[in-house]
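Asks: Given next are the chains, with one letter for each unit.
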Amino acid sequence: MSAAKNINITLKIWRQKNAKAKGQIETYKLDNVSTASSFLEMLDQLNEQLINEKKEPVAFDHDCREGICGMCSLYINGRAHGPDTGTTTCQLHMRKFNDGDTIYIEPWRSKAFPVVKDLVVDRSAFDRIQQAGGFVSVNTSGRTIDANAIPVPKHDADRAFEAAACIGCGACVATCKNGSAMLFVGAKVSQYALLPQGKVEATQRVLNMVRQMDEEGFGNCTNTGACEVECPKGISLENIARMNREYLKASLK
Amino acid sequence: MALTGLFLCLFLAGHLAGNLQLIFSDASAFNKYALFMTTNPAVKILSYLTYISILFHAVDGFMLTYQNAKARPIGYAKNNPSKNSSFSSRNMAVLGTLILVFIVTHMVNFWAKMHFDEKMPLQTITVEQMGQKMEYYVTTDHGKYYPADPAQLGQMGLEIRNKTEFYNKEVNVKMGEGYKDLHKITVAFFKDPKFGLIATIAYVVAMLVLAFHLLHGFQSAFQSLGLNNPKYTPLIKGFGKAFAIVVPLLFAAIPVYIHFFLK
Numbered sequence: 001m002s003a004a005k006n007i008n009i010t011l012k013i014w015r016q017k018n019a020k021a022k023g024q025i026e027t028y029k030l031d032n033v034s035t036a037s038s039f040l041e042m043l044d045q046l047n048e049q050l051i052n053e054k055k056e057p058v059a060f061d062h063d064c065r066e067g068i069c070g071m072c073s074l075y076i077n078g079r080a081h082g083p084d085t086g087t088t089t090c091q092l093h094m095r096k097f098n099d100g101d102t103i104y105i106e107p108w109r110s111k112a113f114p115v116v117k118d119l120v121v122d123r124s125a126f127d128r129i130q131q132a133g134g135f136v137s138v139n140t141s142g143r144t145i146d147a148n149a150i151p152v153p154k155h156d157a158d159r160a161f162e163a164a165a166c167i168g169c170g171a172c173v174a175t176c177k178n179g180s181a182m183l184f185v186g187a188k189v190s191q192y193a194l195l196p197q198g199k200v201e202a203t204q205r206v207l208n209m210v211r212q213m214d215e216e217g218f219g220n221c222t223n224t225g226a227c228e229v230e231c232p233k234g235i236s237l238e239n240i241a242r243m244n245r246e247y248l249k250a251s252l253k
Numbered sequence: 001m002a003l004t005g006l007f008l009c010l011f012l013a014g015h016l017a018g019n020l021q022l023i024f025s026d027a028s029a030f031n032k033y034a035l036f037m038t039t040n041p042a043v044k045i046l047s048y049l050t051y052i053s054i055l056f057h058a059v060d061g062f063m064l065t066y067q068n069a070k071a072r073p074i075g076y077a078k079n080n081p082s083k084n085s086s087f088s089s090r091n092m093a094v095l096g097t098l099i100l101v102f103i104v105t106h107m108v109n110f111w112a113k114m115h116f117d118e119k120m121p122l123q124t125i126t127v128e129q130m131g132q133k134m135e136y137y138v139t140t141d142h143g144k145y146y147p148a149d150p151a152q153l154g155q156m157g158l159e160i161r162n163k164t165e166f167y168n169k170e171v172n173v174k175m176g177e178g179y180k181d182l183h184k185i186t187v188a189f190f191k192d193p194k195f196g197l198i199a200t201i202a203y204v205v206a207m208l209v210l211a212f213h214l215l216h217g218f219q220s221a222f223q224s225l226g227l228n229n230p231k232y233t234p235l236i237k238g239f240g241k242a243f244a245i246v247v248p249l250l251f252a253a254i255p256v257y258i259h260f261f262l263k
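Chains as they are written, first to last, in the working numbering: chain A, 1 to 253; chain B, 1 to 263.
A portion of the hints provided could be inaccurate.
Said to hold, decoys possible - A short, non-exhaustive set of chain B residues, derived as facing chain A with CB atoms under 8 Å:
| # | residue |
| --- | --- |
| 1 | 18 |
| 2 | 78 |
| 3 | 89 |
Unchecked claim - Below, computed lysine-lysine pairings styled on DSSO-like, alpha-carbon distance capped at 30 Å:
| # | chain 1 | residue 1 | chain 2 | residue 2 |
| --- | --- | --- | --- | --- |
| 4 | A | 154 | B | 231 |
| 5 | A | 17 | B | 231 |
| 6 | B | 70 | A | 233 |
| 7 | A | 117 | B | 231 |
Hints are computed from structural coordinates only; laboratory data are not their basis. Because the structure is a prediction, the values reported are computed rather than measured. Think of the CB as a built atom: it goes at the ideal place given N, C-alpha and C, for glycine as much as any other residue.
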């Protein structure tokens with residue numbers, strides 16, 4: 001890897017005062033950005049500059065900064081989580097950019113993810129879908145049976161684990177031309193559908209989660225496959241097909 | 001969407017097999033086939049299923065497109081979708097609309113003529129008799145021919161009723177039935193000195209649009225039906241790709257053959 005250097009960049013960032021305000025793209029010049037810094041550190045640097053200039057800093061979501069919490073978002077240069085695949089925005093580094101680059105930074109765009117401020121969107125639609133069925137009901141009286149006591153075929157366990165890797169960041173919705181949440185819901189449905197513990201509530205789960213998904217105003221899947229490419233956790237389209245099977249099965253019951 | 005789409009793929013295969021007779025067979029066989037396709041009851045049921053499928057597929061497509069547009073009221077200032085999805089998959093609605101326009105034009109050009117045109121010609125053959133060329137109507141009864149010259153037909157006491165039926169005027173009895181000459185109409189359409197070349201080009205372009213629509217549509221239908229499996233999906237995708245290339249290519253070959261090569 002080449003040594004870190006400093007680059008000067010132009011940022012075009014969506015600024016929106018609050019949920020009701022009409023936002024617009026604003027342009028900022030940022031000099032001396034180390035290519036060793038992360039994308040979010042670059043935004044921190046911008047915010048310091050803005051605060052020094054007595055301007056409102058850019059609001060953006062972040063938490064763990066190691067790609068597991070699903071809090072960061074950002075549509076960077078026309079792609080969810082930026083130009084890298086299989087990573088979240090917090091895992092993106094400035095070495096991916098060149099001196100003199102113009103970088104567009106926009107919030108996730110979806111009717112179901114309204115902008116709260118600047119680059120922060122409200123993703124509680126995902127929480128409501130999860131609450132509609134993304135769980136197993138277990139007696140927690142203290143005599144809970146160890147989950148490992150139930151044998152699960154290795155193949156199924158692996159598929160369930162892959163689906164459970166979904167961090168609910170919403171990149172699938174952001175990148176989908178239809179603003180569809182099918183990859184997210186497909187992953188959540190699959191995670192349980194593949195395990196014996198999830199079979200008990202399978203019928204109601206898929207019906208309720210899909211109903212909630214539609215109510216939230218997400219679009220329909222047309223199988224462009226963009227979500228699978230942009231998903232930082234590599235959730236497979238197979239999960240959408242599995243959800244479709246589960247839904248069909250549940251609808252016929 | 002998926003079910004009607006796959007049914008329409010089956011229709012395409014059947015339609016292609018029939019139409020290839022325009023290249024590999026003669027007028028007689030093609031017109032015989034055309035008569036069968038417009039009168040056989042089983043084919044009739046299939047054809048109504050096809051009309052319904054086309055309508056449902058189109059209406060469903062428009063509804064999906066409308067709903068999906070509503071799911072993103074504010075678009076991106078900068079978007080780079082070519083990095084994560086194919087041209088076809090992102091333009092199914094546009095491609096589909098173009099195909100719908102083509103289907104309507106295509107049906108006006110051929111289907112409507114076959115069904116409703118009062119001036120639809122009947123198939124004839126030319127026979128040389130004593131150094132004179134005579135034209136005769138071909139009938140569905142093998143070996144029965146009636147003169148195409150109206151005066152001669154009248155002399156025999158015959159007249160044409162219901163576009164294709166030969167009637168004995170005196171006794172009011174049907175003597176035979178002719179074939180509508182769809183072959184002639186088709187050849188004349190693509191060989192027209194004024195519009196033949198334009199029609200041929202338009203048909204080839206329409207098939208190119210169909211190819212792109214199928215390139216995404218075929219495999220997409222299986223995914224929508226939940227049929228995604230590491231073992232079979234590569235086969236489905238491979239077959240879908242081949243189908244999307246071969247079927248439109250063969251369809252396009254028909255007008256090209258008629259316009260440039262058919263004598």
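Asks: Taking the hints in turn, state whether each one holds.
Replies: Status of each hint after checking the structure:
Residue-level restraint check for residue 18 of chain B is violated (minimum Cβ-Cβ distance to chain A is 31 Å; threshold 8 Å). With a cut of 8 Å, the hint placing residue 78 of chain B at the interface with chain A holds, because the nearest CB-to-CB distance is about 4 Å. Given the 8 Å rule on beta carbons, the hint for residue 89 of chain B holds: about 4 Å separates it from the nearest Cβ of chain A. Restraint check for residue 154 of chain A and residue 231 of chain B: the C-alpha separation of about 18 Å stays at or below 30 Å, so the hint holds.
About 51 Å separates the Cα atoms of residue 17 of chain A and residue 231 of chain B, which puts this hinted pair outside 30 Å; it is violated. Between residue 70 of chain B and residue 233 of chain A the alpha-carbon distance is near 27 Å, which keeps this suggested pair within the 30 Å criterion. Between residue 117 of chain A and residue 231 of chain B the CA atoms are separated by roughly 46 Å; this puts the pair beyond 30 Å, and the hint is violated.
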